[in-house]
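K.L.:
Protein chains in written order, with this note's numbering: chain A, 4 to 202; chain B, 4 to 202; chain C, 4 to 202; chain D, 4 to 202.
These aren't lab readings, by the way, just hints derived from the structure by calculation.
No false leads were slipped in.
As the list makes no split between identical chains, a pair holds if one copy fits it or if it spans any two.
In the SDA-like style, the derived pairs of lysine to any residue whose C-alpha atoms are separated by at most 20 Å in a straight line are: (1) K128 <-> A66; (2) K111 <-> E74; (3) K128 <-> R167; (4) K128 <-> T170.
Number of protein chains: 4
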Amino acid sequence: MVESTRRRRDPEARRREIVTAAAELIVEVGVDGVTHRMVAARAGVPLGATTQYFDTLDDLRTAALRALADEVDARLDGVRIALAQRGPTPAVIADLIAEGLDDARAVKADRAVVTAAVHDPRLRKLAHHLSEQLVAFLEPTYGHDRATAAMIFIDGVMWSTQIRDTTLDRAFIETVLTQLLGMPETDTTPGRTAAPSAP
Amino acid sequence: MVESTRRRRDPEARRREIVTAAAELIVEVGVDGVTHRMVAARAGVPLGATTQYFDTLDDLRTAALRALADEVDARLDGVRIALAQRGPTPAVIADLIAEGLDDARAVKADRAVVTAAVHDPRLRKLAHHLSEQLVAFLEPTYGHDRATAAMIFIDGVMWSTQIRDTTLDRAFIETVLTQLLGMPETDTTPGRTAAPSAP
Amino acid sequence: MVESTRRRRDPEARRREIVTAAAELIVEVGVDGVTHRMVAARAGVPLGATTQYFDTLDDLRTAALRALADEVDARLDGVRIALAQRGPTPAVIADLIAEGLDDARAVKADRAVVTAAVHDPRLRKLAHHLSEQLVAFLEPTYGHDRATAAMIFIDGVMWSTQIRDTTLDRAFIETVLTQLLGMPETDTTPGRTAAPSAP
Amino acid sequence: MVESTRRRRDPEARRREIVTAAAELIVEVGVDGVTHRMVAARAGVPLGATTQYFDTLDDLRTAALRALADEVDARLDGVRIALAQRGPTPAVIADLIAEGLDDARAVKADRAVVTAAVHDPRLRKLAHHLSEQLVAFLEPTYGHDRATAAMIFIDGVMWSTQIRDTTLDRAFIETVLTQLLGMPETDTTPGRTAAPSAP
DNA sequence: TATGAATGAGTCTTCATTCAT
DNA sequence: GATGAATGAAGACTCATTCAT
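Work out the full structure, taking the sequences as your base and the hints as a guide.
P.N.:
Following this line, the structure appears as structure tokens:
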């Protein structure tokens, strides 16, 4: 009867809705732009709900950022699997990246975490984690330095996409990755640097 | 001493002070973090001064961002000159970048402009300009694609520095740049892409 | 007594209090004179309450003006009823007006709406409505033109009262209204103008 | 040589310019809307000039209102002369009023003074004066009461014009004035009331 | 004297947060 | 537990007024 006066009966779900709304908003207007009211409106929950589930706006923001990071994580996991299946060649990586770039939301989510980390040391770890994962995938095959170089370049690609209206060419990305990674080393010596051998 | 209640009488200087304070703050707390009050306090001027010189906080922010961009520009000009004098080799570039990275302030200024551009389309042009300048310096020697690849990598390096506590190794940077740019072509034919031609 | 720090919990009433306070102040200091702070003080509510109930000071002003207009409306309704009961003769009208003039508050409320309408086109309709109502009451008996003339004269009387310290004489008003309206036409032909027909 | 660095050399003229600009603005945006800055801009004088010639914004406003009143006065003087020349018949008065109503500026100036007087007792005298002048012109011919009635009606006409988009019909005005004033008494007995003589 | 920079009081408005219901 | 009213701190911005130059 009075059934729907009080809202749904699933705290977990509600919490999730709120976090999701906050995450969306962070991506759209930036971390500093988010307010309780905006989140409540977006999530379709009463204002009070946003403060009930999170002691502080900052807590909510952090949770949202974490959700964003999880999203990126999930995508990275997809990358990991694809690399395992199709082999970690520059061509495959370029494919995966190009795919990722096509999903504006993915790019924004990723960059949002990094941007937020700039002024909030507590988020650094989160941001690190993401980049390091990519390095971890490539390191066994290409060694630490080449993997790092690739990761940094890919980072740059993400920013470029975020700031510019145009998306970088898949072919271009593959070319560069090939230069950076070289051919997958058959007899990997995951040493510090896989120095370009002398002519 | 002679300092009466009423302050100085040098609009130009005052305006500069305010912009400088705002720029510092943007670097420290982010574009969205700055307030009139903070700027006034930092600049050592009364609150009213910040609104007298800039109709709008947004105007002030823009001016500050522009100042930051100018700073980067100046540094880039230094790079341009150095490249002209010492030659645009990966080693030289790596030197210059490593120098730049040592100046935390420079890195932050640069990144601040880019970050601000994420949510403010009007700043995009500014952010573009900076990256494109680097491309412009390298393009004649290495062709457009390689120059772009280097620029994107360097962008990634800047972010990496900004987010992490450690600075990337100069040697590493040189190595990667060498991979990306190849040897400077002796008889440069500044075509679209300077494919490594056969001897 | 039980009055804790946090105040009452009756939005409807609070809203009404705020509007009432604003209306009072408009009457006292004019539309442009009212501020959130004044309203809050007068209503005995915290500053924030005035902005919680009205998105904008302008909204608040409009609501207050509307309240004032409603007040006038109510009074006019009293006039309508009295005219119906006692007959719309100049003497009765003069009685009613003289009564109204005695209530300084009523005069001020009425004039406030008109004054506000001068610089705010959106309030014109409101101001019109009030005058037209009076015309509507008298028109069936006296025709449009005479009714309009009476209304305009009464408008003038209101202003005169508002500006001067003295109130106009009831007898004077009746005399003038008699001149303007003539005797109530026995065989009313509510045409455009009820010209005094020949005997 | 340095001639025009310092502006004109005619304090009187400048003062007049400022007052005129203020008067215009009062008419446009209301007394409370006027600011030093607006006046300076409108008058084309530096900000400092507005405070140099008038100790206080209120002084400036008062001067402007007085100027507005002088304007009305001048117009009234025209009326006086016309009435003397053409005779103070309802037809002539209606002519003059209709002319006045066509000049929106004149109506607004007149109403501005009255409106300002509502909340500023010091301006009451000014507002009175204007109405009383009209009464003074008509009184010798029609007696005090009829003259007053006409004045009040005309006041109502002014407001009606100010608030509405349409201007009242000249014929209507003449008809009403005829009702109010009756025929000019040949053997004027400027008694309290010029009672309508028997048919 | 004339100008416009300087200052701070005061305005509207937004929100995090608290808490009565 | 859930909701949204309540509050006040803080922010952007406007201006009258003062006063150095």
